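Enquirer: Note that the protein sequences, when read in sequence, are chains A and B. Under UniProt numbering, the first residue of the first sequence carries the number 1, and numbering increases by one thereafter. Under UniProt numbering, the first residue of the second sequence carries the number 1, and numbering increases by one thereafter.
What the hints contain is simulated information worked out from the structure, not anything from laboratory work. Heads up, some of the hints might be wrong.
Claimed, not checked - Sample of chain A residues facing chain B (criterion: CB under 7 angstroms; computed from the structure):
#1 Phe-13
#2 Gln-64
#3 Lys-65
#4 Gly-67
#5 Thr-71
#6 Gly-256
#7 Tyr-257
#8 Asp-258
The model shown is predicted, which means the values in this text are computed figures rather than measured ones. The beta-carbon is built from N, C-alpha and C at its ideal position, and this holds for glycine as well.
Protein chains: 2
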Amino acid sequence: MSDIELVSATKSFGGWLKRYKHRSTVLNCDMIFAIYLPPAAEEHPVPLLWWLSGLTCTDENFMQKAGAQRTAAELGLAIVCPDTSPRGSDLPGEHDSYDFGSGAGFYVNATQAPWNQHYRMYDYVTSELPALVSAHFPLNGKQAISGHSMGGHGALICALKNPGRYTSVSAFAPICNPGQCPWGEKALGGYLGDNRELWHEWDSCELIKAQGSDLPLLVDQGDADNFYVDGQLRPEALAAACEEASVPCTLRLQPGYDHSYFFIASFIDEHLRYHAEKLQ
Amino acid sequence: MSDIELVSATKSFGGWLKRYKHRSTVLNCDMIFAIYLPPAAEEHPVPLLWWLSGLTCTDENFMQKAGAQRTAAELGLAIVCPDTSPRGSDLPGEHDSYDFGSGAGFYVNATQAPWNQHYRMYDYVTSELPALVSAHFPLNGKQAISGHSMGGHGALICALKNPGRYTSVSAFAPICNPGQCPWGEKALGGYLGDNRELWHEWDSCELIKAQGSDLPLLVDQGDADNFYVDGQLRPEALAAACEEASVPCTLRLQPGYDHSYFFIASFIDEHLRYHAEKLQ
Chain A
1 MSDIELVSAT KSFGGWLKRY KHRSTVLNCD MIFAIYLPPA AEEHPVPLLW WLSGLTCTDE
61 NFMQKAGAQR TAAELGLAIV CPDTSPRGSD LPGEHDSYDF GSGAGFYVNA TQAPWNQHYR
121 MYDYVTSELP ALVSAHFPLN GKQAISGHSM GGHGALICAL KNPGRYTSVS AFAPICNPGQ
181 CPWGEKALGG YLGDNRELWH EWDSCELIKA QGSDLPLLVD QGDADNFYVD GQLRPEALAA
241 ACEEASVPCT LRLQPGYDHS YFFIASFIDE HLRYHAEKLQ
Chain B
1 MSDIELVSAT KSFGGWLKRY KHRSTVLNCD MIFAIYLPPA AEEHPVPLLW WLSGLTCTDE
61 NFMQKAGAQR TAAELGLAIV CPDTSPRGSD LPGEHDSYDF GSGAGFYVNA TQAPWNQHYR
121 MYDYVTSELP ALVSAHFPLN GKQAISGHSM GGHGALICAL KNPGRYTSVS AFAPICNPGQ
181 CPWGEKALGG YLGDNRELWH EWDSCELIKA QGSDLPLLVD QGDADNFYVD GQLRPEALAA
241 ACEEASVPCT LRLQPGYDHS YFFIASFIDE HLRYHAEKLQ
């Protein structure tokens, strides 16, 4: 019996979008992930882009709304979308908020009960799922990572905490400084406890201050994004940390764009081409 | 007070996706429609593509999932997506089926009570809404039409019943012969009554047999589409009617593709370029 079970397979731009169910040991639950395999994957192993999604999302949102398959097919790039939190459990309050618990794993390893029974999304997206997909799909081992909002935060911390692992990292409207915004304070406080020192290893600004980065950062942010205006995202704090640590950071404020997938779709091609060039 | 009320405005590929609410006299209810205005619309009037969606859809599905804005922006093409049925009423059984009543207007003018109080989607998409959008947006009067499934049927009958109105017509997996498939028999019987002769003016195959067409037809159909396999779509009947009537029909069976928006997204650029060329 295979350790992954096909949920659906849909032809898309000559390649295949497939969804699989599997038992996650790390998360202690069943999970679904999505993979887009470009036409080139039928000929030879291909590089992989990880996409981490934002609050309330599943593996499906990006694949349905970002319009990424067209250019991924052209570039011969596979894309994996993990889900955004453990599923199927029913911890106290787990389903009460859009910004904590189900759909809001924040890509950290929780230390606080009861969350530490399941909420270890960092280990899931950096260890368990990479091993699983490399065992099952024609991937050539080269990886890049990107994401949106909570998933942009996830992409940044995964890259910063694993030097040499990813050839490139980018993010759309990431939560750059979770230790200093309401979303992050709620999530990190809940999953990691009240000692804010312990939050630093999950905050891209703090990671850059502590260790710098050899990897340049590419960040797009819409200036009409209400979460940006409300101080949830703080890209200026990231740019300042990069400046201080001499980390190359391209922060593009995109005039008129909001926080939606229409913003992502408008610029995803540029990110895909950026990653594809580094993945060569 | 304006006769349309802005619901949302989202920047997309340099242009704007806007949703508006308005009172429909024809449908006797409030309706929402979506319009994508490409960047060129800020400089001069632009041509318009009508997109008619399928069963269960609203004005939102195509705009979120088809990935059409990128090429529409490049080509300077506006797109209007009407909703697929009247909304806000509560007729007996109206919300019980996915393939009849709400979300399933079938782009006909109902003659049977109680449906004839509201279900006049043909007049809505060919008269009332065109007058409204031409009054409010920078459109140059040139129009094309396309759609998916029930909306592919809608696009075909709108074009066939209005020679000279549209410069071009295309469809994805259209219900080509509603008088001869379960979906169509249920819908046409319910909205128009049991006299099948009266269904002919709403069936693209019958319209072509009766009157031919100067307009060539472009139809894409996935060969792994379960509704095609089940006989709901019948593109071969359309091709045969066109052959008999010497109407140019390009029917492309796309191997491996299903009925989803991933299929539409895979080929929408070709349809947009096809329409843009005719709209020049």
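Enquirer: All the hints need checking, so say for each whether the structure fits it.
Expert: Do the hints match the structure? See the list:
Annotation: interface hint on A/Phe-13 holds; nearest CB of chain B at approximately 5 angstroms, less than 7 angstroms. Look at A/Gln-64: its Cβ gets to within about 5 angstroms of chain B, closer than 7 angstroms, so that hint holds up. The beta carbon of A/Lys-65 comes within 5 angstroms of a beta carbon in chain B, closer than 7 angstroms, and the hint placing it at the interface holds. With 7 angstroms as the threshold, the beta carbon of A/Gly-67 comes within range of chain B, its nearest partner Cβ sitting at about 3 angstroms, so the hint holds.
Contact between A/Thr-71 and chain B, as hinted, is not supported at the beta carbon level, the nearest pair being about 10 angstroms apart and thus beyond 7 angstroms. The closest approach between the C-beta of A/Gly-256 and any C-beta of chain B is roughly 4 angstroms, which is under the 7 angstroms cut-off, so the hint is satisfied. The interface hint given for A/Tyr-257 is met, as the beta carbon of that residue sits about 5 angstroms from the closest beta carbon of chain B, less than 7 angstroms. Contact between A/Asp-258 and chain B, as hinted, is supported at the beta carbon level, the nearest pair being about 6 angstroms apart and thus within 7 angstroms.
Hint compliance for this structure: hint 5 alone is broken.
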